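Just so you know, UniProt numbering puts 169 at position 169 of the sequence shown, and the rest follows in order with no gaps.
No lab work stands behind these hints, which were simulated from the structure alone.
Some hints could be false.
[Stated by the list, open to error] Taking lysine to aspartate or glutamate pairs in the DMTMM-like style, the calculated list, with each CA pair at most 20 Å apart, reads: (1) Lys-95 <-> Asp-129; (2) Lys-181 <-> Glu-62; (3) Lys-31 <-> Asp-129; (4) Lys-156 <-> Asp-129.
It should be emphasised that the depicted structure is a prediction, and the values quoted were computed from it without experimental measurement.
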Amino acid sequence: QAEVCKSRPLDLVFIIDSSRSVRPAEFERVKVFLSDTVDSLDISPNGTHVGLINYASTVNIEFHLNRHRTKAEIKQAFSRVDPLSAGTMTGLAIKTAMEQAFTEEAGARPENKNIAKVAIIVTDGRPQDKVEDVSAAARAAGIEIYAVGVDRADMKSLRLMASQPLDEHVFYVETYGVIEKLTSRFRETLCGVDACALGHDCDHICLNTNASYYCRCRVGYVLNPDKKTCSQANEQ
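The whole structure should be built from the sequences, with the hints applied where relevant.
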């Protein structure tokens, strides 16, 4: 039994590529990876909430953050997900997550609660649409993006999607057969020390890194040279 991490609660949305290049048996391995990752999290009303987006040429929100409240329900919902078809519209999937999945209506908790918003993208292809601008917009909206590339995944686009520092947010595995190798990495990452909760001096938004934190500003503001306080963008 995986140890449950007691640290920071998350609003966590998985964004998974189920295009035709992902064979049915491989898609099953992705679902095992999702279940194993969720197993180590504290799924509860005040803990972590989980949503799932499935995409190929279309984007399908399988379930929102407020839909399932227990591990058993979430894992059951994972097991029922079917692959879609051709196409790899990763940019559209990120846009959908930002505009529809990470909203309060969909169950994301209000900003003043300071619950980390985390997206984990799993893909084995090259996006057929642009990812750079939409990923930057999602990150600016406070969403921390992890990108997992499998097999033929385009590493350049994964690096354009992911949050900084890249070596903590971009992962690669050779095949879906070994994707479970990442479960323990995510367990450590998602359960990492909650430096923000221990106290910080950020003006607006505090973001955890593995053992420390850094500050960010809300949209329309820029971080000052002290890396802590924020000024309105047009004052600079």
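Each hint tested on the structure:
For a cut-off of 20 Å, the pair hint linking Lys-95 to Asp-129 stands: about 11 Å separates their Cα positions. A distance of roughly 25 Å separates the Cα atoms of Lys-181 and Glu-62; the hinted pair therefore is violated under the 20 Å criterion. Between the alpha carbons of Lys-31 and Asp-129 the distance comes to roughly 25 Å, so the proposed pair goes past 20 Å and is violated. Restraint check for Lys-156 and Asp-129: the C-alpha separation of about 14 Å stays at or below 20 Å, so the hint holds.
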